[in-house]
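S.K.: Sequence lines, in order, name chains A and Y.
Under our numbering, think of the first position of the first sequence as 1, with each following residue one higher.
Under our numbering, think of the first position of the second sequence as 1001, with each following residue one higher.
One or more of the hints may lead you astray.
Said to hold, decoys possible - Calculated lysine to any residue pairs in the SDA-like style (CA-CA distance at most 25 Å, straight line):
no.: 1; chain 1: Y; residue 1: 1204; chain 2: A; residue 2: 186
no.: 2; chain 1: A; residue 1: 73; chain 2: Y; residue 2: 1026
no.: 3; chain 1: A; residue 1: 73; chain 2: A; residue 2: 397
no.: 4; chain 1: A; residue 1: 343; chain 2: Y; residue 2: 1176
no.: 5; chain 1: A; residue 1: 73; chain 2: Y; residue 2: 1025
no.: 6; chain 1: Y; residue 1: 1204; chain 2: A; residue 2: 73
no.: 7; chain 1: Y; residue 1: 1204; chain 2: A; residue 2: 85
no.: 8; chain 1: A; residue 1: 301; chain 2: Y; residue 2: 1204
no.: 9; chain 1: A; residue 1: 356; chain 2: A; residue 2: 366
no.: 10; chain 1: A; residue 1: 343; chain 2: Y; residue 2: 1209
no.: 11; chain 1: A; residue 1: 73; chain 2: Y; residue 2: 1028
no.: 12; chain 1: Y; residue 1: 1204; chain 2: A; residue 2: 104
no.: 13; chain 1: A; residue 1: 73; chain 2: Y; residue 2: 1034
no.: 14; chain 1: Y; residue 1: 1204; chain 2: A; residue 2: 111
no.: 15; chain 1: A; residue 1: 301; chain 2: Y; residue 2: 1193
no.: 16; chain 1: A; residue 1: 73; chain 2: Y; residue 2: 1192
no.: 17; chain 1: Y; residue 1: 1204; chain 2: A; residue 2: 83
no.: 18; chain 1: A; residue 1: 301; chain 2: Y; residue 2: 1206
no.: 19; chain 1: A; residue 1: 73; chain 2: Y; residue 2: 1030
no.: 20; chain 1: A; residue 1: 343; chain 2: Y; residue 2: 1208
no.: 21; chain 1: Y; residue 1: 1204; chain 2: A; residue 2: 167
no.: 22; chain 1: Y; residue 1: 1204; chain 2: A; residue 2: 283
no.: 23; chain 1: Y; residue 1: 1204; chain 2: A; residue 2: 281
no.: 24; chain 1: A; residue 1: 343; chain 2: Y; residue 2: 1212
no.: 25; chain 1: A; residue 1: 343; chain 2: Y; residue 2: 1207
no.: 26; chain 1: A; residue 1: 73; chain 2: Y; residue 2: 1129
no.: 27; chain 1: A; residue 1: 301; chain 2: A; residue 2: 246
no.: 28; chain 1: A; residue 1: 343; chain 2: Y; residue 2: 1192
no.: 29; chain 1: Y; residue 1: 1204; chain 2: A; residue 2: 304
no.: 30; chain 1: A; residue 1: 343; chain 2: Y; residue 2: 1028
no.: 31; chain 1: Y; residue 1: 1204; chain 2: A; residue 2: 374
no.: 32; chain 1: Y; residue 1: 1204; chain 2: A; residue 2: 247
no.: 33; chain 1: Y; residue 1: 1204; chain 2: A; residue 2: 296
no.: 34; chain 1: A; residue 1: 73; chain 2: Y; residue 2: 1096
no.: 35; chain 1: Y; residue 1: 1204; chain 2: A; residue 2: 275
Keep in mind the hints are simulated off the structure, nothing from the lab.
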Amino acid sequence: MTAQQPIDGGVPAPSRRRPNILSNGGTTAGVADSTELEDLISFALRGDGAQTPDIRDQDVSQVLHRADELREKSYAVGVELLPYYAIAVLTDPAGTVLGEAQRTLASMDVAAVVDAVAELVRELTEELVVTCTARIAVGLHLAGPVDSRTGRVHFYGKHSPGDEASRPPFVWQEVPLGGLIERATGLPTAVENDANAFALYQRWFGAGRDVDKFALVLVRDGVGGSLFADGKLFDGPFEIGNLVVYPEGGRTCDCGNQGCLEVTAGGFGIAETAAVFADREISSAAQAAELAEEFSEAAHKVRSAFTAAGIAVAKALGFITTLVAPPRIILYGPSFMVEPGSKAADAFLREAFGFKHYVSHDAFRGCELVVTALRPYEGAQAAAIVALENCLGVTSAQARAPRDRHTE
Amino acid sequence: MARRPTLDGGFLDEFEAALNDHGFQPALWPQGAELLARYGLRVIGSWTASGEIFAVLSKRRIRYQAPSGPHHYPRGDDAVEIANEAVARGLVRLREILEAQGWAADGGARPRTFFITQCLYQFPNVYRRWCREQLLQELLWEAADADLPEPTDGSDPAELVVARQQAAECLRALPDDRLRFAVRMRAEGHSMAEIAATLGVLPKSLENALGRYRRKNRHRHLDHDRETLP
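Given only the sequences and the hints, what does the whole structure look like? Please build it.
M.R.: Structure follows, in structure tokens:
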């Protein structure tokens, strides 16, 4: 080991010629003698240290480029808030992902969630927060009704069947989440409903790019919806999950009605239906989908739960088409439901694609259904787009230009 | 032909003299920034490569996360990257201070020394991020349960560096966002069922994907061993 190599847990051993770096010298913070630092610098520059680097023009250019980037660019942190889990990405103004982070949330207490979100934001922006000239904003979405203008969450709650011990049920009502995150991070923050955020994502990068109007249905634990028209999101609730699709015999929804779309086609609903049909314990739709792959009587019954979910979604899509006649509807769902090839997905999609049977007028039946699977960081990217649009004023057209040039 | 800016050519002196006489002038900044970047890279790069940076920080009473072992001293490309980032940040900070007229010629320190101080202030954040990435890569690698050759002796920094580089390569090579997400969740201690439910994929598909990834890695490492064995 040479004299300049560090010693475990300590500092490098001094050489004879080196200025006395290691002595404290009695200086105090902030008033250390600049001459002393200049001595240290002079030693480093003399080149007689074994590791004095040769400076390449390429390194200098990279540093200057990086400094410009740190100084002038805008960035967005997008956070997808799920029950007991948060996924975050850092993007540039074009929506390109620069960093990823994810975290288990020990509690869904509002203060704990705000702290965790702030920590994720810090983790991702740490390297950017050099200067106040860099513009950074935060976007967050969750599965509940939100006033996106004020950042207030009207309602957010989850009750995971069969998982009460590790993930207790929680309910948020009228939580000023945007303001709380702004205070915790010091950054402008936008909060949006998850389906709306995914609609913006599709507008920027997906099947919403080439149409003026489209609807989106998001199937997860519950079911959400969004409508994009006239260059913007529909300004109102689009609570398609609470559309009653099985008025007789359907299970009771959190909203109080019977047979809502959500309790039949959402993940929790599918798991419950499958459990009833197969008369066995099933904790998630993913588990039900796995069971559906088997060759057994129970598997056949479980597949019926996916068929029922498909019919429920078809009814909702037919209703949307009758009501607003979008040229395209985007159906977002977990891969086991929307990627053909598994028995669960085949059962679900066969029914969902029959939605035109539920459209009231022939004139509206030209609507195209585009099915797409949820990707793990796409939700957080969607949240970043919410921040870019609402806090930094970036539009999809601005973001789209370089990507289009690249692909042409 | 334009004079090439070098530290020895006196241009930095000229830049500093202009700063002393007239304050910050945006027109002079591009050339000044290049000179300072070159200067900062030599100084901060030297200290980072040798590990002396920590002693300098201590001397300047700048708080930092102390390296907890030999593998927490950045080396090679890592040292260059960290130094580059600290210098880039130092430049941004310096310009901000100069623009706000927060630096005065009669303050004592020369601009270049003041600039190095700014780089030093930036270094701990850059270093902490690097440490966190190292830790994450180690955790991810353990979680992926892949077949990296274990270092024979944990006290050998060279072997640890090689193992960490291999782990980093593996993470970068994760071919699919779902797989990357799953490996990160595994690192947090989640079960395969939980991961599958969060990802929206069949548990069996996830296990198969991870299995395929492990097998592919095993073959890659076997190929690599074959190529490198004498």
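S.K.: Among the hints numbered above, which are violated by the structure, and what are their numbers in rising order?
M.R.: 1, 6, 14, 16, 30 and 32
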